Amino acid sequence: MRFLKRFYVGIIFFFLYAPIIILMIFSFSDSKFRGHWGGFTLRWYVELFRDREIMSALYYTVLIAVLASLIATIIGTIAAIGIHNMGKFGRNIIINLTYLPMLNPDIVTGISLMILFVFLKVERGFFTLLLAHITFNIPYVIFAVMPKLKQMNKHLYEAALDLGATPSYAFRKVILPEIMPGVVTGLILAFTLSIDDFVISYFTTGAGVSNLSIVIHSMARLGINPSINALSTLMFITVLLLLLIVNKRSSNNSRKENAV
Amino acid sequence: MKKGWIAYPYVVWLIMFIFVPLLLIVFYSVIKTTDQGIVFTLEHFQRFFEPIYIMVLLRSLYLALISTVICLLLGYPLAMILASKDYRHKRVLLLLVVIPMWMNFLLRTYAWLTLLEKNGVINSFISFLGLPKMELLYNQGAVVLGMVYNFLPFMVLPIYSVLIKIDKSIIEAAEDLGANSRVVFRKVIFPLSLPGVVSGITMVYMPAVTTFVISRLLGGGQFTLIGNLIEQQFLYTGEWGFGSALSLIMMILILFSMAIMSKYEKENEGGGLF
Amino acid sequence: MKRNLKVKLTLLLAVSIVSIFLLSGCGKSYDATLKVYNWGDYIDKSVITDFEKEYNIKVIYSTFTTNEDMYVSLKSGASSYDVVFPSEYMVKRMINEDMLHKLNMDNIPNFKYIDDKFKNLPSDPNNEYSVPYFWGTLGIVYNKTMVDDPVDSWEILWNEKYERQILMLDSQRDSIGLTLQMLGYSMNTRNLDELEEAKQKLIEQKPLVLAYVGDEVKDKMVGGEAALAVVWSGEAVAMKWENPDLEYVIPKEGGNLWFDCAVIPKVSKNKEAAELFINYLCDPEIAFRNTDYIGYSTPNTETMKMLDEEVLNDIAAYPSDEDIANAEVFDDVSDALELYDRIWTEIKAK
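Residue numbers (my numbering), protein chains in the order written: chain A, 1 to 260; chain B, 261 to 534; chain C, 535 to 884.
Please keep in mind that the hints were generated in silico from the structure rather than gathered at the bench.
One thing to keep in mind: the hints can contain errors.
Said to hold, decoys possible - Okay, derived cross-link-like pairs now, DMTMM-like style, lysine to aspartate or glutamate, Cα gap no bigger than 25 Å in a straight line:
1) B/Lys292 - C/Asp866
2) B/Lys447 - B/Asp436
3) B/Lys378 - C/Asp682
4) C/Lys735 - C/Asp875
5) A/Lys121 - C/Asp866
6) C/Lys587 - A/Glu158
7) B/Lys292 - C/Asp682
8) C/Lys636 - C/Asp875
Only a predicted model underlies this, so the values are computations on that prediction, with no experimental measurement involved.
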């Protein structure tokens, strides 16, 4: 039974990672054509660092993803708490409105935001891009935090107040730890969505501010420059390494805690 | 704790960036520019009711449904295995499920082309074993595969987060009362995991209906889905009215099916992760 | 978990900060800025850097995916691009909709190097608004080892012998256009009957088509996935180089001739710098670097003199005047787009 479980997990992970492995292998192929092995080479990695457009896009992609997910998490968490404490009627309206960005096709959200920015005479650029990302991230944060709020014992907060805590202290030490798992889920979801968004970003950004998705999609007519494969490989390895490092530290910590 | 007012900043944001654009879409869907100026019309909605467009919608709903079901069938066991106490590094494994989503979607879909083509990786392997090559691409199966691949993590996460919160003592109690593992699953675990399941279905079904890149690349452009149709209206034909009407129709349909589903969930959607 | 989170966030933040420093560069002061909007990977990046150095003008370079994306983005008016590179039919449309500045040709003396046959194109008869950048044809690429019939007409794409071996373009105008041409009509027709006929033909063809593809057609043909494909000439050159079994043909019905041109939209705030840039691109050395990197055909006569014999004789790269005698150029049919789109949807959705 144990073996069966491991096997199943293994198969699923193989399925999830097969395309990524393919990408990584072909980042070393000396051919501009996908899937065609042309001999081993590192030239795409070299070209990658010389390509200012891709580097700039990488910078903006990470920056926007980090900022948008953080800000969206803060706004979303506060909003979730507020919504949780509203009357039923107000809550339902807001919840249903919050669903909307998730329901809309990206192109509709992208174009409608673009129209809005034009109407407000805001020049499109980094700022509008950030606003757009925050907008489509917040609903996911809210929907990640709400259940934890529901699950939380509502009297804990009052009990803390009764015991003499100030509201902000009670919030920090009582509510926040309880809902933290939801907050983290929201953050991860928001980051995941931001880092790979194309359509909404395309219509809400301005000259000079591109993200990787836009750059990659705009290569679609002439063929994806294999430097992109090189970049993806590097990004993937970086993320994996980060994950391993963090995991090592946390298991070291728990070992120390257990030892004590 | 009547602190409902702290949500108000968000409400302002909501109105500006979600509600107003929505109004714009509604506006576009019911007007038409003629030589006399802007005229109110329902013709965009009427146009939708031609058989060809209805077929496109039905096909989208159908493919999205199949993909969602497969995601559920594959994702639920994975969530269960990860949530069980046998796994030490479940958090890391869970993040590993999400990380593929951080690689560019277009690139990953292209990589599937490399895997599934006639002379692609899988077929090369198969013919190496002496078996005849299979047509793995440009059919409905490939589109479903692409959708499942892309949306599986969104199904696994909510289910996992609900499963880990199930009180272990309930399961132990059931076992003490003589239930075998199958009954425990049917009568205890599955019902308790339903909020996560509903949440997962929501997060998969909705984007699956509106996707268009997957059907274009893996379906060989032979399956026009509603997402393709909407994109065409906004970009190629400039028929924003028709595109808006299509979006609204879709929104209403999805809200409707979600209202049905919400009967099955007492608690609301989503779940914490850890 | 909290501590993990802190560590992760700190690392991310550190990476972000480091990259901010790396990329913001040392504050240089430029005389002006130029916003360029082009197709992805459609210029040799070193050309931009050299332009910046020579004229001390900062270039902000953005890319778009399709003519239509670009049009929507530009029409909405929220971004003031200075130089844009639409295809010929889109140039026509933008002229018709009064979206472009007239060019001051005195500022673009290098225009003299452009081959006469690319001046006064149907999209811009007096060259008042656009300067050609790259050009090419639309034709058929086939794999010699997989096709034994002579390939000289669009009709071979309807040959049942090649069932599921044919790749068509997932592009409304290209696919409908070539069918119209095969039937003897104009690629720019608005005639309902002619379009219906084309529609029927394409629906007939559906069982024979392996897929309607975009740029992945190149990889597929190089990989031997199909026998026949509709392809743009610039790609054909590269494809043949990689896979010698491939050949390119301009069908006898004429084929399609396309151009990508440099234009200056009316929203531009810096017309002189834009004209300077366009002029720079027409410099034979610069044009050579571009065509060398991208592989598409240049309209610059001096640059052509710098190319290899082999390239100049390649029908895919530089077809002779006879080859393209009957080729047709796309016109702007934006008033009939709804018709085309409906037909295309009906074809694809069956």
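*Taking 25 Å as the top limit, are the C-alpha atoms of B/Lys292 and C/Asp866 close enough?*
With a Cα-Cα distance of about 22 Å, the restraint between B/Lys292 and C/Asp866 holds, given a limit of 25 Å.
*Straight-line Cα separation of C/Lys636 and C/Asp875 no greater than 25 Å?*
31 Å, violated
*Are the Cα atoms of B/Lys447 and B/Asp436 separated by 25 Å or less?*
Between B/Lys447 and B/Asp436 the Cα gap is close to 14 Å, so the pair holds against 25 Å.
*Starting from C/Lys587, check that the Cα of A/Glu158 is at most 25 Å away, please.*
Distance of about 66 Å is beyond 25 Å: violated.
*Under the criterion that the straight-line Cα-Cα distance not exceed 25 Å, is the pair C/Lys735, C/Asp875 satisfied?*
Satisfied, since the Cα-Cα distance of roughly 16 Å is no more than 25 Å.
*Below or equal to 25 Å on CA atoms is what counts here, so check B/Lys378 against C/Asp682.*
21 Å, holds
*Satisfaction of hint between C/Asp682 and B/Lys292, Cα-Cα up to 25 Å*: 53 Å, violated
_Pairwise hint evaluation, C/Asp866 against A/Lys121, where the allowed Cα distance is 25 Å at most_ = 30 Å, violated
Checked against the numbered hints listed earlier, the structure breaks hints 5, 6, 7, 8; every other hint is satisfied.
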